[in-house]
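K.L.:
One letter stands for each residue in the lines below.
Protein chains: 2
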Amino acid sequence: MNIDMDRMKKQICFIEHLDRLKQVIRQNLLMNESRRENSAEHSWHIATMAMVLAEYAPHELDQLRVLKMLLVHDVIEIEAGDTFCYDVEGNKGKEERERLAADQVFGLLPSDLAADFRAIWDEFEQGDTPEARFANALDRFQVLLQNFNTGGGTWRIHNIEKKQVIQRMLPIKTGAPSLWPVVESCLEEACDQGMLKDTVASQE
Amino acid sequence: MNIDMDRMKKQICFIEHLDRLKQVIRQNLLMNESRRENSAEHSWHIATMAMVLAEYAPHELDQLRVLKMLLVHDVIEIEAGDTFCYDVEGNKGKEERERLAADQVFGLLPSDLAADFRAIWDEFEQGDTPEARFANALDRFQVLLQNFNTGGGTWRIHNIEKKQVIQRMLPIKTGAPSLWPVVESCLEEACDQGMLKDTVASQE
Chain A
1 MNIDMDRMKK
11 QICFIEHLDR
21 LKQVIRQNLL
31 MNESRRENSA
41 EHSWHIATMA
51 MVLAEYAPHE
61 LDQLRVLKML
71 LVHDVIEIEA
81 GDTFCYDVEG
91 NKGKEERERL
101 AADQVFGLLP
111 SDLAADFRAI
121 WDEFEQGDTP
131 EARFANALDR
141 FQVLLQNFNT
151 GGGTWRIHNI
161 EKKQVIQRML
171 PIKTGAPSLW
181 PVVESCLEEA
191 CDQGMLKDTV
201 ASQE
Chain B
1 MNIDMDRMKK
11 QICFIEHLDR
21 LKQVIRQNLL
31 MNESRRENSA
41 EHSWHIATMA
51 MVLAEYAPHE
61 LDQLRVLKML
71 LVHDVIEIEA
81 GDTFCYDVEG
91 NKGKEERERL
101 AADQVFGLLP
111 SDLAADFRAI
121 WDEFEQGDTP
131 EARFANALDR
141 FQVLLQNFNT
151 GGGTWRIHNI
161 EKKQVIQRML
171 PIKTGAPSLW
181 PVVESCLEEA
191 CDQGMLKDTV
201 ASQE
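Protein sequences, first through last, are from chains A and B. Mind the numbering: the first sequence is residues 1 to 204 in full-length UniProt numbering, read in order. Mind the numbering: the second sequence is residues 1 to 204 in full-length UniProt numbering, read in order.
If we strip away everything but chain A, and leave its shape as in the complex, we get (with noise of 0.2 Å):
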């Protein structure tokens, strides 16, 4: 096999410049609730339940495609930082920051990978495909199990109500809509305990 080291080369700085996705702090704790998640970490830990809960996608699925997509979705926050999902001043622009994100990491990479790579993160984040649907679905999933076990995490942290995270979670009743009486009993039950705000019922 004849190497071409340019190529090579791109492709290795572009490994090393994955390493400082370690680096981008999330708001959602550890389930120890010692310190706070980085996106590299999380990115594992979606990608691993996608394997755990492949068969509740409503249907067969590509299951490479899903991987990749959760492998890849948050690369972008190397350049962009994590936005916090209920910071409604932060959002505002979030995409276009995001997008420009995307030309600069995959940027990096050799032209036909960064077309693949880039590929893959505007699936994800158009979420048309019942692969990105799922994906998206898992993406939710892990942080409601993260604030549900850290005795409402950001939700309490943040003051969110109820409806906020309903809304929030509204892509896991299309994505893998087998999981959302989990949600909806996790959610009543984080309401019950004082985990979560329901301002729907204390408003009656």
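Hints should not be assumed to be uniformly reliable.
Partial list, computed: chain A residues near chain B (C-beta under 7 Å) [what the hints assert, rightly or not]:
id	residue
1	Ile3
2	Gln11
3	Ile15
4	Leu18
5	Asp19
6	Met31
7	Ala40
8	Glu41
9	Ser43
10	Ala47
11	Thr48
12	Met49
13	Gln63
14	Leu64
15	Leu67
16	Leu71
Simulated DEER-style distance windows between Cβ atoms [said to hold, decoys possible]:
id	chain 1	residue 1	chain 2	residue 2	range
17	A	Pro181	B	Gln167	48 to 54 Å
18	B	Phe84	A	Leu170	43 to 49 Å
19	B	Glu96	A	Pro177	40 to 46 Å
No lab work stands behind these hints: they were computed from the structure. Note that the Cβ used here is the ideal one computed from N, Cα and C, for glycine as well.
Got chain A sorted already, so can you dock chain B onto it with the hints?
P.N.:
What follows is chain B alone, placed relative to chain A:
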């Protein structure tokens, strides 16, 4: 679809247990030297590397199998802890310790999934398939890049010699032979720059 709630509970319990891998700390430093790496983010890094470097597998591989092995290969460390590769004492009994850990960790899953995950882990450990050899090569290659990018990293901290590193890197020669020249040139430069002891040369 009829949901078996006992089954789903076991799967969710396993997913929650996975969170602990983020607290298993390896010897290796992040490339910016800010802290040591954990096994969850390490697993994400090498799985994503498998996407970037797929073309350097010696022949066409089952990429899904490679990704699954890389995602799962360290999960047993939740029970067994990470063993530093150059720690002779720590490596005594490692195999038995890890086998017991595998029984324990994968045993949380419903039995069919437990068998699937165990087979994936066994395949990686045994390293007999081309997929397992490629996965093992990447596991080694990442550490090479980390140490090379941190002024010698664990090689320098633990006073490791070049011949030990070559021995440790050999799976790259069989699993991803196109990457071997990179290994050789990194090790040569590492010795030249005093990141790594070249015992053979110094004895001449």
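K.L.:
Work down the list of hints and note, for each, if the structure agrees.
P.N.:
Cross-check of the supplied hints:
no. : hint                             : verdict
1   : Ile3                             : holds, 6 Å
2   : Gln11                            : holds, 5 Å
3   : Ile15                            : holds, 5 Å
4   : Leu18                            : holds, 6 Å
5   : Asp19                            : holds, 4 Å
6   : Met31                            : holds, 4 Å
7   : Ala40                            : holds, 4 Å
8   : Glu41                            : holds, 4 Å
9   : Ser43                            : holds, 5 Å
10  : Ala47                            : holds, 6 Å
11  : Thr48                            : holds, 5 Å
12  : Met49                            : holds, 5 Å
13  : Gln63                            : holds, 6 Å
14  : Leu64                            : holds, 4 Å
15  : Leu67                            : holds, 5 Å
16  : Leu71                            : holds, 5 Å
17  : A:Pro181 to B:Gln167: 48 to 54 Å : holds, 53 Å
18  : B:Phe84 to A:Leu170: 43 to 49 Å  : holds, 45 Å
19  : B:Glu96 to A:Pro177: 40 to 46 Å  : holds, 43 Å
Comparing the model with each numbered hint stated earlier shows that all of them hold.
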